[in-house]
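Asks: Top to bottom, those sequences are chains B and E. Heads up: the first sequence begins at 742 in the working numbering, then just goes up one per residue. Heads up: the second sequence begins at 742 in the working numbering, then just goes up one per residue.
Calculated from the structure, these hints are not laboratory results. All figures in this text were calculated on a predicted structure; none of them were measured in a lab. Certain hints may be false.
Given that identical chains are not distinguished, each listed pair holds provided it fits within a single copy or across any two copies.
The list that follows gives simulated cross-link-like pairs (lysine-lysine, DSS-like), each with its CA atoms no further than 25 Å apart [unchecked claim]:
1) K1021 to K1130
2) K1130 to K1100
3) K782 to K1157
4) K1182 to K1130
There are 2 protein chains.
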Amino acid sequence: MKKNIIIFFLLLGATVCFAPLRVLSQSPQTLKVRNYVSANKQAIMREFISFLALPNVASDSINIRRNANLIMDMMKKRDIKNIQLLEGSGNTPPAVFGEVKVPGARQTLIFYAHYDGQPVNPVQWAPGLSPFVPKVLSNALSTGQEIDHTAAGLSWDPAWRIYARGASDDKAGVMAILNAYEALVKSKVPLTCNLKFFFEGEEEAGSPHLGQILQKHAALLQSDLWVICDGPVHQSGNKVILFGVRGDAHVSVTVYGPKRPLHSGHYGNWAPNPGMMLAKLLSSMKDDDGKVTVKGFYDDVLPLSPEDVQALKLIPNNDAQLMTELGIGWRENKALNLREAINMPSLNINGMQSGNVGKLASNQIPTTADAVLDLRLVLGNDWRKQQQKVIDHIRGQGYEVIDHDPTDEERAKFTKLAKVIPGDDGYNAQRTPMSLPIAQKVIDAVKSTTKEPVILLPTSGGSLPLFLFEKYLQAKTVSVPIANHDNNQHAENENIRIQNFLTGIETIAATMTLK
Amino acid sequence: MKKNIIIFFLLLGATVCFAPLRVLSQSPQTLKVRNYVSANKQAIMREFISFLALPNVASDSINIRRNANLIMDMMKKRDIKNIQLLEGSGNTPPAVFGEVKVPGARQTLIFYAHYDGQPVNPVQWAPGLSPFVPKVLSNALSTGQEIDHTAAGLSWDPAWRIYARGASDDKAGVMAILNAYEALVKSKVPLTCNLKFFFEGEEEAGSPHLGQILQKHAALLQSDLWVICDGPVHQSGNKVILFGVRGDAHVSVTVYGPKRPLHSGHYGNWAPNPGMMLAKLLSSMKDDDGKVTVKGFYDDVLPLSPEDVQALKLIPNNDAQLMTELGIGWRENKALNLREAINMPSLNINGMQSGNVGKLASNQIPTTADAVLDLRLVLGNDWRKQQQKVIDHIRGQGYEVIDHDPTDEERAKFTKLAKVIPGDDGYNAQRTPMSLPIAQKVIDAVKSTTKEPVILLPTSGGSLPLFLFEKYLQAKTVSVPIANHDNNQHAENENIRIQNFLTGIETIAATMTLK
């Protein structure tokens, strides 16, 4: 890389020496936005870090409202109009709305991000890190050193990362949207579209009130396109546009051993061990290649459209690089590469537990074993039906399926009992055709910010309840993610790479000014 | 039961109405001890509860020493002599020693209990209970109401229970021994044997320094018999004498998924899920009947002696009652009943975990999955060899077995990696022949305290490092447990039933005065 820079200097001479490397292939607007961001980096990062210091788990209603209030303040500061909280029923996390009307605009875009984050288990975070005490490291955790982010005159090197819950998923989205708008205004880039802002507060809890909010405020929320800023760019680092999402559904399973924990010496290998029961039950759900063996699991899947098949072919296959980076020696469904695998429904063990491990382990036969399963769905799958297939499978393994902890009568009557709770937060997959004119405009806009190829993905592997936008608003959606792919979203040590955040502002700014 | 009491009263008439129900078949000494205990119940229980309020996890060195100091104080109060701490190397939990020399005694007995308890996870305890805030309930947890144990003039109903870590395992043992001695002295029962007292402080941590302490103080610790007071009586409630213990060994297993946690949508069913890998690995260790499928697992087992076979036949088979009580609809190794099953080596999942369940579950592919396995051993098994069989089995499932978290090089080189740590706290099974004269005296002593049959068990299902007593002191051991069988030892909500504790004092007192 350094060698290339030297050659570049030699070729272009001293007059353009200080111009950023990628200028020539990027639009003048992108340059203006970049210059503004560069000149205001310290203030932008301070504001972002203050935002990350607010705990943002959807169930924590007090802190969720502190987040919503801060977002309203940040919108006011930017002179965004009609700022308001859109409330669901009860004391649930509100969506934060605002808008900017542009005289003569013929299109209205609405930008979506969510300010809540996944639940946290602070003990699982690396030593020195804590979900709501943002820290800046000079690189990814394995090699990064802590940077004092309160120091004056920081350079904010592109390789630095901020570690905090929500750093990438999805407070980065909120901040990229607000800063993109501010950069356009302050750089005097003419706005071409009416802009609306919609920041959700319970996406990670499955968006239980989003439909209600959309329905209630349908008039306010009309637009030509929802631009979703959530999720990571491609593993290659190239920018990505996503035209769909997988659906999602959960199933929680509890199997039962003895009513009270037993001494593993006095009862070992006589009383049934729920950990072993669960291990056998989960094992039965996939073969050794990772293919799901639940009956009919891959039925209902609709074939891809010819344009989607074509787009898939253009996506670089970097499975080998990814496997090295992730340190994995094999992969599930080895006949499929990653871009193909995410076009299939999946079954994943999000978590499982029985008794304790490590220092807390004790010589016991635990009373229960729990697992939480995550089912991703593609076009054609119905989420309730997909859950039912798993429930039927559990029955097929000799379990009486119940929806509560067993009574003594049930324990006496049935050989094996499983409490199975199908999550009521599921939803189906969703897809916007790439060929729509407005989708093509978004592609052009994102391409104007980078000299690298932009990757067009028919679907994300991840999920968002985009079907709600179609159902209640008849709206189209396109996703323009910005986070680094190795951001640990949904887990401990979540982080955002500074470069991704800053170039993400450029991406969103371009998307705000569709022709 | 009530009906029987009424008939009894009718038959015997008013003169013996107030005598305890079992007096006629019990020795005069037992009566004296019972009367003493009955008259001093409140003080005895207060002292016990204060002892239980001291946290006693072996790794908590500050609190462990507070426990040891309190035991020394309680021994001083009872005028026991030569009180001292027997130290292992470093700041490890000391054993507390004391003795009483009896002029003319021809036998020396040494009484063992341990004052440390299993590790605790307070969140797993029932609401209102906490490991080191002892609570008294009017019955077992499912139906019991809290009793204010600080109130004056409490009756200490036999059905009441104290809930706290160590309540049964094994502070009850320490207190039964100290109170048995005091009751004998205060009731003026002539002592017949020299008595020594040895209270260990790291039994639940695998007794890593016990051998060292025994070796260092071999002269001080000479005796004709070690009487071990630890563990539960039979599930029928009948008293028990145990002549052996199973050996014990542990194996910890960690399997690896991606180096960093991944979003289950973006990578689900492409990246290997360590939870599923562990489920498949654990599943492979047992068949559906619970029989261990690890190669050679049941080899090396020595056949039972004819006297042991005979003793086993005399033990009541209460499997059906136990299954009802425990609410289990099936059992492992269905061809064996419980008394037979504990004469076989076992493999038990003490705990397993990957990611999180319940409210902390998140949509991720975790980086690791952990399990802790407990192996119980019988005569003939060597603990290191038994661990090795499990390690070989893991290799046979396609894993490269390592003893550390994998390096990037190892991740690149091997398909599947398992960190396997064989615990170094293992030991073999041990057995004292029932036919020994001193063993027969113990049987006679315990029989003198009860009109019910005394159950003679060739081995406990549980484990104690009794081989150390043989190795370093050439000593014989017999176990006389006192706790209720449903005491939740080693788990949350540990408890002791008051009746078991009080009649336990009688049992130990009888054992102290062998003829």
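Asks: So which of those numbered hints doesn't the model satisfy?
Replies: Violated hints: 3, 4; rest satisfied.
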